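S.K.: Residue strings, one per chain:
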Amino acid sequence: MATLQTRATARIMMSPAVILLFLWMIVPLVMTLYFSFLRYNLLMPGTEENIGFLNYQYFLTDPAFFTALANTLILVGGTLLITVIGGILLALVLDQPFFGQGIVRLLVIAPFFVMPTVSALVWKNMLMHPVNGLFAWIARSFGLQPVDWFAQVPLFSIILIVAWQWLPFATLILLTALQSLDGEQKEAAEMDGAGAISRFIYLVLPHLSRAITVVILIQTIFLLSVFAEILVTTNGGPGIQTTNITYLIYMQALLQFDVGGASAGGIVAVVLANIVAFFLIRLIGKNLER
Amino acid sequence: MGSITLEKVSKSFGTTSVIPEIDLEIHDGEFVVFVGPSGCGKSTLLRMIAGLEDLSGGRIIIDGKDMSKEAPAKRGLSMVFQSYALYPHMTVYGNIAFPLKMDGQEKSVIDKKVKDAAHILNLTNYLERRPGQLSGGQRQRVAIGRAIVRQPKAFLFDEPLSNLDAALRGNMRLEISDLHHQLKTTMIYVTHDQVEAMTMADKIVVLNAGRIEQVGSPMELYRSPKNVFVAGFIGSPRMNLIEGAEAAKHKATTLGVRPEHIRISTTEGAWSGKVGVTEHLGSDTFIHTQIDGIGQVTVRTDGDFDTKHGQPIFLTPDAARLHRFGADGQVI
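These protein sequence lines are chains A and B, in that order.
Each residue of the first sequence is one higher than the last, beginning at 1 in this note's numbering.
Each residue of the second sequence is one higher than the last, beginning at 291 in this note's numbering.
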């Protein structure tokens, strides 16, 4: 894009795609905004009228809202913790040369290809089931009382499932970052007298910082809207122990048929996601600038 | 102190032998240059001395102690890598201080040593910068700084100047030689550039296919190369190696004569031929000539010698400075 002319041409050529994307984003957003100010309940058709901020007031003062907010943050934070730490460890292992490396790498990536609903069902019925599950069988064979995962530690169970799905993503990104570490730097550190742990702290971890930032940012975006795993396993329960914001909005719209309230919730979720993103960028975004 | 002895050192990767067997004595304070074409095993040999490659056989003795199986850090050597291998997220200060920090030295001691090293290498104003903000020559100096703060028994340089441009390379050559005179520490320097070898070394080790072809001072190698390989490798422009009838006249298989040891004339001489390409360097002129019955011969003469392409020319080699090599490539 050297000259004025090419720049103008480029703009014209790009504009159809940009305009389409813009409409794709703005139309649903504006409609959601519009619905959020309406009394709009599918059980009372024909009574739609502007009620101002009443929907927001109901949503934000709902006692379930703060629980859902806390659950959302715990879910995101817990999953990030497991996937980043686990991803670094797995990447370090997979970076070593060993027999069957290709197959093992493929196996590690596999969970990412499993649909969330399917993986949640597998975890629910084959692994965590208190009677038929593999974990229960292991517990019993040691003579222990099996854990009823979704009744006793429901949120932790969801975190485990989601972390299992996202671990391959973290591992993959961190592994490629690890492979780009200059071999001579490692050798230089070795000659400088740095042991394996010092090399990890002073050389590998700073080198990975950018990749870790990318993993955290991308995962946060997707983890804020975890839904399928909750719907399939716990339905937000017991009580509202595993209800996150996304699930709360779903209940509002499709279980209580309150489109207006759900739209207000949706807008609140958008604002919350932006707040989280703002703090994340402030906190770790400077890593991306280097 | 830093004397290094290699005893029957060998290296093979799988079944391919890279270094058959090498014996070498490096005295304390010497500047030794390993020189050879790429793939001759010189870098591998250096990495074996550093401890970054395992030995397939033989022993490496540093200061009288067998270090063949010791970890790199325990050998008391420092290395400057071809890519400099600076730590990109640390400042210059952090880079130079790293080996001391790993050694567990006190902060005040580290600070003094880093400042001293920075002073020697003219880096005092750059201590807070990161490697990415430095020029090639400055990075090179940081890498050297990181090597000297440990006060090692010997420095190992792995083609340290190959990433610099020609002018900077000349400067760094002087600086490294200067540093050697200041520190008087043993240095082992690997390069494929015979100019670097000739200008800096106390002792040159010419390697070819993992074997030592000749060891000696630069002038020894220049004056009396032991074989055709060394003759062709040391000296620039390279020695003319003449085979066939002309060599047989001197009872040799290969006759070597350096471009600077040939007299050139437009009127008379022992060999006659035509001028090919002429390279004017200002101070010198390299004339590539086509000699009847011999082939291409390069001559070095003074800068004012003027010739035209295709002009008839006469050459007379200096009979006292001919090198005669036998059928096995060794000098007769």
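Keep in mind that the hints were calculated from the coordinates and are not lab data.
This one's a predicted model, so the numbers in the text were calculated from it and none came from an experiment.
Every residue, glycine too, gets a C-beta built ideally from N, C-alpha and C.
Treat the hints with caution; some may be incorrect.
Example chain A residues on the side facing chain B (calculated, C-beta under 10 Å, incomplete) [unchecked claim]:
{"#": "1", "residue": "Pro45"}
{"#": "2", "residue": "Glu48"}
{"#": "3", "residue": "Glu49"}
{"#": "4", "residue": "Gly52"}
{"#": "5", "residue": "Asp62"}
{"#": "6", "residue": "Arg105"}
{"#": "7", "residue": "Leu106"}
{"#": "8", "residue": "Asn125"}
{"#": "9", "residue": "Gln179"}
{"#": "10", "residue": "Gly193"}
{"#": "11", "residue": "Gly195"}
{"#": "12", "residue": "Leu203"}
{"#": "13", "residue": "His207"}
{"#": "14", "residue": "Tyr250"}
Straight-line Cα separation of at most 25 Å, SDA-like style, residue types lysine to any residue; simulated pairs [as the list claims (entries may be wrong)]:
{"#": "15", "chain 1": "B", "residue 1": "Lys391", "chain 2": "B", "residue 2": "Ser346"}
{"#": "16", "chain 1": "B", "residue 1": "Lys391", "chain 2": "A", "residue 2": "Gly100"}
{"#": "17", "chain 1": "B", "residue 1": "Lys391", "chain 2": "A", "residue 2": "Leu283"}
{"#": "18", "chain 1": "A", "residue 1": "Lys186", "chain 2": "B", "residue 2": "Ser346"}
{"#": "19", "chain 1": "B", "residue 1": "Lys405", "chain 2": "B", "residue 2": "Lys359"}
{"#": "20", "chain 1": "B", "residue 1": "Lys359", "chain 2": "A", "residue 2": "Ile197"}
{"#": "21", "chain 1": "B", "residue 1": "Lys403", "chain 2": "A", "residue 2": "Tyr202"}
{"#": "22", "chain 1": "B", "residue 1": "Lys359", "chain 2": "A", "residue 2": "Gly193"}
{"#": "23", "chain 1": "B", "residue 1": "Lys364", "chain 2": "A", "residue 2": "Val114"}
S.K.: Against each hint, give a clear statement of whether it holds in the structure.
M.R.: Verification of the supplied hints:
no. : hint                : in the structure
1   : Pro45               : violated, 62 Å
2   : Glu48               : violated, 58 Å
3   : Glu49               : violated, 60 Å
4   : Gly52               : violated, 53 Å
5   : Asp62               : violated, 47 Å
6   : Arg105              : violated, 25 Å
7   : Leu106              : violated, 28 Å
8   : Asn125              : violated, 47 Å
9   : Gln179              : violated, 16 Å
10  : Gly193              : holds, 4 Å
11  : Gly195              : holds, 8 Å
12  : Leu203              : holds, 6 Å
13  : His207              : holds, 7 Å
14  : Tyr250              : violated, 44 Å
15  : Lys391/B x Ser346/B : violated, 33 Å
16  : Lys391/B x Gly100/A : violated, 39 Å
17  : Lys391/B x Leu283/A : violated, 29 Å
18  : Lys186/A x Ser346/B : holds, 23 Å
19  : Lys405/B x Lys359/B : violated, 34 Å
20  : Lys359/B x Ile197/A : holds, 21 Å
21  : Lys403/B x Tyr202/A : holds, 21 Å
22  : Lys359/B x Gly193/A : holds, 16 Å
23  : Lys364/B x Val114/A : violated, 49 Å
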